[in-house]
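Novice: The chain contents come next:
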Amino acid sequence: MKKIEYKGLKFLYIVLFCYIILFFIDTNNTLISLKTFLNILSTLVPIFIFIILLTTLTNYYLKPKDIIKHFGEDSGNKGIIYAVLAGIISHGPMYAWYGLISELRNKGAKDELLIIFFYARAIKIPMLPFMIGIFGIPFTIIITIYILLFAIIQGKLFSKLYKL
Amino acid sequence: MKKKQEEQITLKIAFKKALNNFLSMTPMLLGVIGLVSIMQTYITPEILSHLFGYGITTDIFTGTFIGAISSGNPAVSYIISDQLLNQEVTLYAVSAFILAWVTLGIVQLPAELSVFGLKFTFYKNILTLFATMLVAYFTVLTLQVI
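In order, the protein sequence lines correspond to chains A and B.
Everything in the first sequence is counted per my numbering, starting at 272 for the first residue and increasing by one.
Everything in the second sequence is counted per my numbering, starting at 252 for the first residue and increasing by one.
FYI, nobody ran anything at the bench for these hints, they're computed from the structure.
On a predicted model such as this, the values are computed, not experimentally measured, just so you know.
Every residue, glycine too, gets a C-beta built ideally from N, C-alpha and C.
Worth double-checking, as some hints may not be accurate.
What the hints assert, rightly or not - So the derived list for chain A, only partly shown, Cβ under 8 Å to chain B, looks like this:
id : residue
1  : V286
2  : F288
3  : F308
4  : T327
5  : E344
6  : D345
7  : N348
8  : F389
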């Protein structure tokens, strides 16, 4: 079996070191941070399982040629629509999606669409009632439209800047 | 039967690949979650409210920066925003804050760098930074016009 190449080990050691230092300086808050850490981790476990299953299905059903067709250079406006929809329906924190997105990128998905996906994630359908409750319907509608617009603009600008 | 067996093997390989891909990211994910937990403990809404009230542009910039260094469930950002609005922080700042909370992430930058590389990460975050400030500005402006 191929050996796993772990990413971000140095970063994890730095964070661990911060916790050790903080423990001696401010024990109470360090313990609160650790409790928060476990809470966040427990809420993320179902999302991680979902992402592993989604990646499995992507690996199984989507071959590089399919990804290129839907998310590649010639995907056109359909690709933009897919990227926006994928962004809107994706749950959990952004960093949880890095593995899957990186894999799609390696298989030929267009960077422009990945940028659109990342920004469209600002629209959280399950959170909309909550947002409406605090900010009102007009604010929620307007900000959602602008997010969609700027997600597409960002994608277009990114592909131009990236070529420089 | 043979075809089914082949499909099963392929699915098994697909799962193994997905699992390995995820496992390779676990140190990075744990690091980000660890950092987010420290931030959530030390940065309170009271601390945040003292940083606003210096004009639209500065407030948007501050809102974006604070949203970018914070992280967690978007619902938490809405609750904090509600408290900030009650403390008369402008809607410009709060809009930038809730947007930056979900689109930017300073704590996850090292992870992003290790996965996507410097050039991708740099352009993505610069564009997202400007987009967030502009969306916040235009949203409130449009709201005032209509």
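Novice: What hint numbers does the structure not satisfy?
Specialist: Hints 2, 5, 6 and 7 contradicted; others consistent.
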